[in-house]
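Here the protein sequences line up with chains B and E, keeping their order.
Numbering follows the numbering used here, in which position 37 of the first sequence is assigned residue number 37; successive positions increment by one, without gaps.
Numbering follows the numbering used here, in which position 115 of the second sequence is assigned residue number 1115; successive positions increment by one, without gaps.
Just so you know, not all the hints are guaranteed correct.
[To be verified] Okay, derived cross-link-like pairs now, EDC-like style, lysine to aspartate or glutamate, Cα gap no bigger than 20 Å in a straight line:
#, chain 1, residue 1, chain 2, residue 2
1, B, K181, B, D128
2, B, K208, B, E327
3, B, K73, E, D1038
4, B, K130, E, E1040
5, B, K343, B, E357
6, B, K208, B, E357
[To be verified] So these bits of chain B aren't anywhere near chain E, every CB distance computed over 10 Å:
#, residue
7, K20
8, D66
9, S83
10, P88
11, E109
12, K208
13, N324
14, E335
[Stated by the list, open to error] Distance windows between CB atoms, simulated:
#, chain 1, residue 1, chain 2, residue 2, range
15, B, T5, E, L1120, 44 to 52 Å
16, B, S151, E, Y1268, 49 to 57 Å
17, E, R1110, B, T199, 21 to 29 Å
Just so you know, the hints here were simulated from the structure itself, not pulled from any lab data.
Just so it is clear, the structure is predicted and the values come from calculations on it, not from any experiment.
Glycine residues also receive a C-beta, built at the ideal position from the N, C-alpha and C atoms.
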Amino acid sequence: MGSLTISNVTKTFGSTEVLKGINIDIADGEFLILVGPSGCGKSTLMNTIAGLEEVTTGQLLLAGEDVTERSPKDRDIAMVFQSYALYPTMNVARNISFGLEMRGVPKAERDQRVQEVSTLLQINHLLDRKPSQLSGGQRQRVAMGRALARSPRVYLFDEPLSNLDAKLRVEMRTEIKKLHKRLGTTIVYVTHDQIEAMTLADRIAVMKDGVVQQLGTPNEIYDNPANQFVAGFMGSPPMNFVPCEVNSDGSLAIDTSGHSLSLMIPQSSTLKAQNIHRVILGLRPEMLTEPKPERVGDSVMALEMDFDVTEPMGADTIAIGEWNGIEILARLSPEAGLRAGKKTPVQVDLSKVILFEPESGERIR
Amino acid sequence: MGNTSMSVGRYAIYACLVIFAVLYLMPLYVMITTSLKDIEEIRQGNLLALPAAPTLYAWAKAWGSACTGSECEGLAPFFFNSIRIVVPAVLISTLIGALNGYVLAKWRFRGSEFLFAALLFGCFIPFQVILLPMARLLATFGLANTVTGLVLVHVIYGVAFTTLFFRNFYVSVPTELVKAAQLDGANFFQIFRHIFLPISLPIFTVTIIWQFTQIWNDFLFGVVYSGQGTQPITVALNNLVNTSVGGKEYNVDMAAALIAALPTLVVYVLAGKYFVRGLTAGAVKG
């Protein structure tokens, strides 16, 4: 069993506090992803879980046992590194079996395990090669094989795909997901790529400045971000943030291409009741589209906009217009009949808009 | 036009190189030819002439029967003294340097940088400064005038250099290899043995050549800390050249000097290309 409890973990280097009290409960078999910008402490958290760095205060429980003081080898955790960290002088088979060898597993059993793992990862034909004779994708597989060989209770992945080219990254992403389905072992996975996070995770922990900003399922994080940082970090293209004045009836004042709009949104009554005058409107690009008759409803509003720039992406086209002097991205169908400098009819779906405090970036609910 | 000026420049460079090569090789040429001549031919004064009747008489005498002070057994016993000093001193100082470098590069601890700086300082201490304190220390340990004592002195003095070499080599090895091996369950020495030693051939070559040359060529420690019967070959060579029975035998002196220099020459010829390669060896690509 591989449940993992991170309880009040802090870590300071000199006078810098890198982790400021992290609390995460990871269920057995869960795929948890740590995301955040560089320097947010996600890799440090990973290293403390592995035991490569000691926590300053706090506790780590693995399957209910306190492992805070244990050395890395006694934690039954395996890790896949960003640089793969394959042993350069050993061939692939020995790279995979080295952990077993160090633990005194007999040769016959090691060989059998190497066969199993290499079959699973389709690297049988590479067993005699040295790491320097492998391509990036093959090294990645060997690094995973090394982690798999020991059948640990928890796998740690530290940005494992960031050294691969785009196509291979998508392939390996799918493969990691399949592997997790098949093994059902707990995985903690660090990345700064929010698409990896969305596609792989059971739950995502978004970190910034050594604090977990939000912990939730990909959908919770995407649809219901806790604050403006999380909202802006997850999603590609990113969420639009438009500073708005609140009218006396609770609607939002928007000025686009020279004419004014009043947006009545689901939160309008709250704004009016709480007497809030300024907000930041959060609107995902896919909520601003060409008119779609099938989606007309109370919270859908038609308007016309000028778009200065369009970026065709194939499946859809990202168009850049302007609200209240701020660039705003719309996600349109390629058939929407866009022409630069000409008014284009669009519709905005306000059912999922999110509001933030202008100063703190906190959610207004 | 550009081509001709280019080739003129080329010729000038080659001419320059050839002149310097000849200049530097001249003494070696004179030594070899003189060692193969007999003393009559040398007295005629044709320094640059090839030997008229080459003979190994001088080499045989220098090796087996030339007088070094009061004894006349040639350089042979001292040659083996040097071997007995150099081999353990090189091996021990290189192994200690490898371990030190491994610790200072990959197992940083509080004060490890200071320790490294202090060790580096050891590279800059002139030999003469430590002569007296070291003599006192060897006397205290009862190692004065012994081969063991000389080995100890060379090990202590060499560790500063060997540590520097290995530390700088191991710094370029990715630390993630250590982390991966730790998670794989390897301990401090297992990581050293299975991960670090196998990639260390270039730096071992550099260090061994460096230490071999330094210790083989050492004269000062050899003359100060050795006694009758434990003198290294450099000291014996000095005694041989300064001992004259009758006239000065230049051919024997030259042969003796060549015998004393031969091991370092051989090491360079055999391992020289690894030396250059090792000095420039960079990061280990995984």
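Against the structure, the hints:
1. B/K181 <-> B/D128: violated (29 Å)
2. B/K208 <-> B/E327: violated (25 Å)
3. B/K73 <-> E/D1038: violated (72 Å)
4. B/K130 <-> E/E1040: violated (64 Å)
5. B/K343 <-> B/E357: violated (32 Å)
6. B/K208 <-> B/E357: holds (18 Å)
7. K20: Holds, because the least Cβ-Cβ distance between B/K20 and chain E comes to about 24 Å, which exceeds 10 Å.
8. D66: holds (19 Å)
9. S83: violated (5 Å)
10. P88: violated (5 Å)
11. E109: holds (15 Å)
12. K208: holds (25 Å)
13. N324: Holds, because the least Cβ-Cβ distance between B/N324 and chain E comes to about 48 Å, which exceeds 10 Å.
14. E335: About 49 Å separates B/E335 from the closest Cβ of chain E, which puts it past 10 Å; holds.
15. B/T5 <-> E/L1120: 44 to 52 Å: For B/T5 and E/L1120 the Cβ distance comes to about 46 Å; the hint holds.
16. B/S151 <-> E/Y1268: 49 to 57 Å: Since B/S151 and E/Y1268 have Cβ atoms about 52 Å apart, the given range 49 to 57 Å holds.
17. E/R1110 <-> B/T199: 21 to 29 Å: violated (44 Å)
Hint compliance for this structure: hints 1, 2, 3, 4, 5, 9, 10 and 17 are broken, all remaining hints hold.
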